[in-house]
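Asks: One-letter residues, chain by chain:
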Amino acid sequence: MKKNNILEVKNGVFEITLTINGEKLVLSTKNGESLLDALRRWGLKGVKKGCDTGDCGSCTVIVNGTPVLGCLVPAVAAHDGDIITIEGLGTVQKPHPIQKAFVEAGAVQCGFCIPGMILSSKHLLDRMPNPSEAEIRKALDGNLCRCTGYVKQIEAVKMAAKRLR
Amino acid sequence: MNTKTLKVVNQPVAKMDALGLACGEPAFTDDVDLKGLLCGKILWSPHAHAEIKKIDVSEALKVPGVKAVLTYKDLPRVPHTTAGQGYPEPSPYDTYTLDNKVRFVGDRVAAVAAETPEAAHEALAKIKVEYKQLPAVFDTFEAMKDGAPAIHDEPDSKNIPDAKHNIAAKFDFEVRNGDWFKEADFVLEHSWKIPYLQHCAIEPHVTIASFDHFGRLVLRTSTQVPFHVRRIVAQALKIPVKKIRVIKPRIGGGFGSKQEVLLEDITAALALKTGRPVKIEYTRRETFVSSRTRHPSTVRMKAGVKKDGTITDAEMEITLNTGAYGSHALTVMMCSGSHTLPFYKVKNNIRFIGRSVYTNMPVAGAYRGYGATQGFFAWESLMDMMAEKIGMDPVEFRRMNYIRLGEGSPVFKAMGEGREGVEQVITSTGLLEAIDKGLAEIKWTQKTVKYRNQSGPIRRGLGMACMMQGSGIPEVDMAAATLKMNEDGSFNLLIGAADLGTGSDTILAQIAAEVLGIKTDDIIVYSSDTDVTPFDVGAYASSTTFISGGAVKKAAEKVREMIIEVAAKILDEKKENLRLEGGKAVSKNGASCSLSEVANTSLYYYDQHQITASASHFAHTSPPPFQANFVEVEVDTETGKVKILDYVSCVDCGTAINPQLAEGQNDGAVLNGISHTLSEEMEFSSNGTPLNASFRRYKIFSAADTPPVRTFIIPSWEPNGPFGAKSVSEIGINGPLPAVANAIYNACGVRLCDAPFTPEKVLAAIKKKD
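Going down the list, the sequences are from chains A and B. The first sequence maps to residues 1 to 165 in our numbering. The second sequence maps to residues 1001 to 1770 in our numbering.
Some hints here could point you the wrong way.
Claimed, not checked - Stretch by stretch, here's where chain B covers chain A in the computed footprint (C-beta under 8 Å, at least three residues):
hint: 1; stretch: 7 to 19
hint: 2; stretch: 45 to 51
hint: 3; stretch: 60 to 67
hint: 4; stretch: 72 to 83
hint: 5; stretch: 149 to 162
Said to hold, decoys possible - Think about it this way: if two alpha-carbon atoms lie no more than 20 Å apart in a straight line, the pair counts; the simulated SDA-like pairs of lysine to any residue are:
hint: 6; chain 1: B; residue 1: K1345; chain 2: B; residue 2: M1400
hint: 7; chain 1: A; residue 1: K138; chain 2: B; residue 2: P1708
hint: 8; chain 1: A; residue 1: K100; chain 2: B; residue 2: K1193
hint: 9; chain 1: A; residue 1: K100; chain 2: A; residue 2: V26
hint: 10; chain 1: B; residue 1: K1574; chain 2: B; residue 2: S1587
hint: 11; chain 1: A; residue 1: K138; chain 2: B; residue 2: K1643
hint: 12; chain 1: B; residue 1: K1193; chain 2: B; residue 2: P1410
hint: 13; chain 1: A; residue 1: K100; chain 2: B; residue 2: Q1454
Said to hold, decoys possible - In silico contact screen, one side only, chain A against chain B (beta carbon under 7 Å); selected entries:
hint: 14; residue: C56
hint: 15; residue: F102
hint: 16; residue: G106
hint: 17; residue: R137
hint: 18; residue: L140
For the record, the hints were derived by calculation from the structure and aren't laboratory data. Ideal placement from N, C-alpha and C gives every residue a C-beta, glycine not left out.
Chain A with its partners taken away, still in its complex shape (with noise of 0.2 Å):
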């Protein structure tokens, strides 16, 4: 049966279809599993589970350009939606820009707040290129992170941007 063109294959699983890094996936997903769980389930383990309350960012990832709190979004949500996940943006191999950045600036600590970090950051040079530091403070702010001050992430982001322009 399908609701809003979603299959429902049995009762309260779904099949859904989106783009996860660029890759199309057809996938199952429960009624009421969030998009943080699903995507960690589906193997995005780069998607931090920090509070699952909406408040400390870790699982922030960008769904149809825009940064979402996996954990307050049902993965049904995600259909036909376009989603980068931290494991899109650049590998050790191949890092994005940002990922560089923070690594040079010294930003990682224990790194667990950091792949949400990066993706808000993403999201900001993405609109501003030359952001200012009240800018970037208020980009960040949805991330929690414990383990730095935000002093060298910010530093960081000011390096990305420089890099990126």
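Model the placement of chain B on the given structure of chain A, informed by the hints.
Replies: What follows is chain B alone, placed relative to chain A:
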């Protein structure tokens, strides 16, 4: 000695795991998929203090998908401590994996393992518990009174000094040199308070228990103390150490909360019961309620001072709330005095009175700063009060009294961690330089003049605070390291040291690389796994750089000797003429051979052997890092809002093995302290139920909240540390409470002694003054 000849140490080498983590590589405890993994959940006590009269799990077991339900009836009753400390632990043995009594809202009642989280939750709801509620006590001073409810009245707990009065730990000490306060021109006394504070590591606590193909228990867990976890789980569940393997993957921050056996025992018990792998992961709410916190405290300090600036007497009385269990109860309390009282010269008398008290509240434990946070809030506030009383500049007053190079203190010997300490003198200090740097950076002199005559509701002020910490626990902490050489001249460095996000893997590789004359990326670091890596007490007490670093340096020196022995044969040269440099063994006459040639010779060609060595390190002293903190604040005297305009933190950590990572450690510690100072406080209902157990309600600073924080590394050379290094990780958290309190006083004449300094409290203090 100095750092000028160093090639790898003291360089900002990129943190070796940073790129993988920035790319979202699956590196953390929960980033693995195990076949047949069960979901474990814990039933928490809704009561502050109650006896479990009856517990019926029959309906819970009927829930489809439920594989096990455990209550106290199913497990051995073994008193132990959850504190991940060296054996025998100085914390009381007052905890049972599951018990027939609950002691706070959020205490363990039962545990469930099920195929899905939904089934586990349903099973929890179907466990029928009949409680007999007991009178509860939430205040430390009430809890110590005669007739207060005894929280640990069970006969089998051990090392509780006075269970009847809920005293989990006590320590008194006095240096007596004449009558108290006889020489003092002024005697000042005041009390300072710190509330319940949470660590807020962004990765929640998580443990996965599974079995290897020998049937041994494998615990993959977010811990700072893998070897202590192995020992304590073995103890609590009565299984041999050899049947347990503990793996510490990447850890998403700990700050002390993961120096604790919080989940490993119960997850292991569920796995053993079901024969299946089981995961328990705390929710964010659970990390607030049922992990650990900083010990809320009241510190009363009384000191005597002469008009010439001599401190004649100092008395510190600290009362810590340890909550329902005494994890780190004795040691945090002792460190509140042992890290603070030696810092200034006290001419005649010193007294310390410490009590850690049980209440029916969440359990306190290790938290970055470890008592020094509480102690320095009082001591450094009182220093400003004394300076004002005698009309001396607070900076001068400190300069006159702080502990100098070559000086000791009777406190070092009298107060260790849970036992007598070790006599020591200061063997390195950059405090004077740190003070000078901070004064210049904050523009102390100019601004002091500028802010002297302010009018209007917005007032600015300056404050400072100095401090010290330690570098490991002397004659207690031990670390070991193993290095082995590969064909290409690279090395595996196996260490028990637990990198929890601090960068210790990287700095330990830098130490090895420096000794071996190679680059850091020729060292492959693995930490830590009780099956593979040698012993290390773990990441706590600011010990890793100093203690584990010492072990790595020794192991590398042994390996260097072995390499030179082989190279001497290859080059037909005397050993004493060879050194390692640039990935080669180089002789005085210029001949050289690559490390790869040395490795291949030793592995394949003649007199074959593996070039490898292990070494251990422990220390007889704990050289303190020093720090000077300066802050400029703006107080809105109409609203009570305090804004930090600039925070300058100058830290002497000896040689910074990696200056970039050392700065990062300090930045983070300072911001955590600022967040404590202005925002954080766990709130409770009348029965001890946490009311703000979420990031939404318990506000830690975000990027937009964060004021400018500037860290400056002040180099010194610690002769007992690896390449002159001391610790850096904890000290920075202790500065903001006293520095900001002093700055608020400077701005508007009110002294804040009850953290956090919320607008309500600041405004109330201003109104009281007016």
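Asks: Run every hint past the structure and note whether it holds.
Replies: Hints versus structure:
1. Counting residues of the stretch 7 to 19 of chain A whose C-beta sits closer than 8 Å to any C-beta of chain B gives 0, which falls short of three, so the coverage hint is violated.
2. For a cut-off of 8 Å, the count of residues in the stretch 45 to 51 of chain A with a CB near a CB of chain B stands at 7, and the three-residue condition holds.
3. Under the rule that three or more residues need a Cβ within less than 8 Å of chain B, the assignment of the stretch 60 to 67 of chain A is violated, with 0 such residues.
4. Under the rule that three or more residues need a Cβ within less than 8 Å of chain B, the assignment of the stretch 72 to 83 of chain A is violated, with 0 such residues.
5. Requiring three or more residues with a Cβ within less than 8 Å of a Cβ of chain B, the coverage given for the stretch 149 to 162 of chain A holds, as 6 such residues are present.
6. For a cut-off of 20 Å, the pair hint linking K1345 (chain B) to M1400 (chain B) stands: about 9 Å separates their Cα positions.
7. Taking the CA atoms of K138 (chain A) and P1708 (chain B), the gap is near 15 Å; set against the 20 Å cutoff, the hint holds.
8. Taking the CA atoms of K100 (chain A) and K1193 (chain B), the gap is near 43 Å; set against the 20 Å cutoff, the hint is violated.
9. A distance of roughly 32 Å separates the Cα atoms of K100 (chain A) and V26 (chain A); the hinted pair therefore is violated under the 20 Å criterion.
10. With a C-alpha separation of about 9 Å, the suggested pair K1574 (chain B) and S1587 (chain B) falls inside the 20 Å cut-off, and the hint holds.
11. In summary, the hint linking K138 (chain A) to K1643 (chain B) is supported, as the alpha carbons are separated by about 18 Å, within the 20 Å threshold.
12. About 27 Å separates the Cα atoms of K1193 (chain B) and P1410 (chain B), which puts this hinted pair outside 20 Å; it is violated.
13. For the hint pairing K100 (chain A) with Q1454 (chain B), the CA-to-CA distance comes to about 47 Å; that exceeds 20 Å, so the pair is violated.
14. Against a cut-off of 7 Å between C-beta atoms, the interface hint on C56 (chain A) holds, since the closest Cβ of chain B lies about 6 Å away.
15. Interface hint status for F102 (chain A): upheld, as the beta-carbon distance to the closest one in chain B is roughly 5 Å, under 7 Å.
16. Nearest Cβ of chain B to the Cβ of G106 (chain A): about 4 Å, under the 7 Å cut. The hint holds.
17. Given hint, R137 (chain A) at the interface with chain B, holds; its Cβ is 5 Å from that chain's nearest Cβ, closer than 7 Å.
18. Satisfaction of the interface hint for L140 (chain A) is found here, the shortest Cβ-Cβ separation to chain B being roughly 4 Å, below the 7 Å cut-off.
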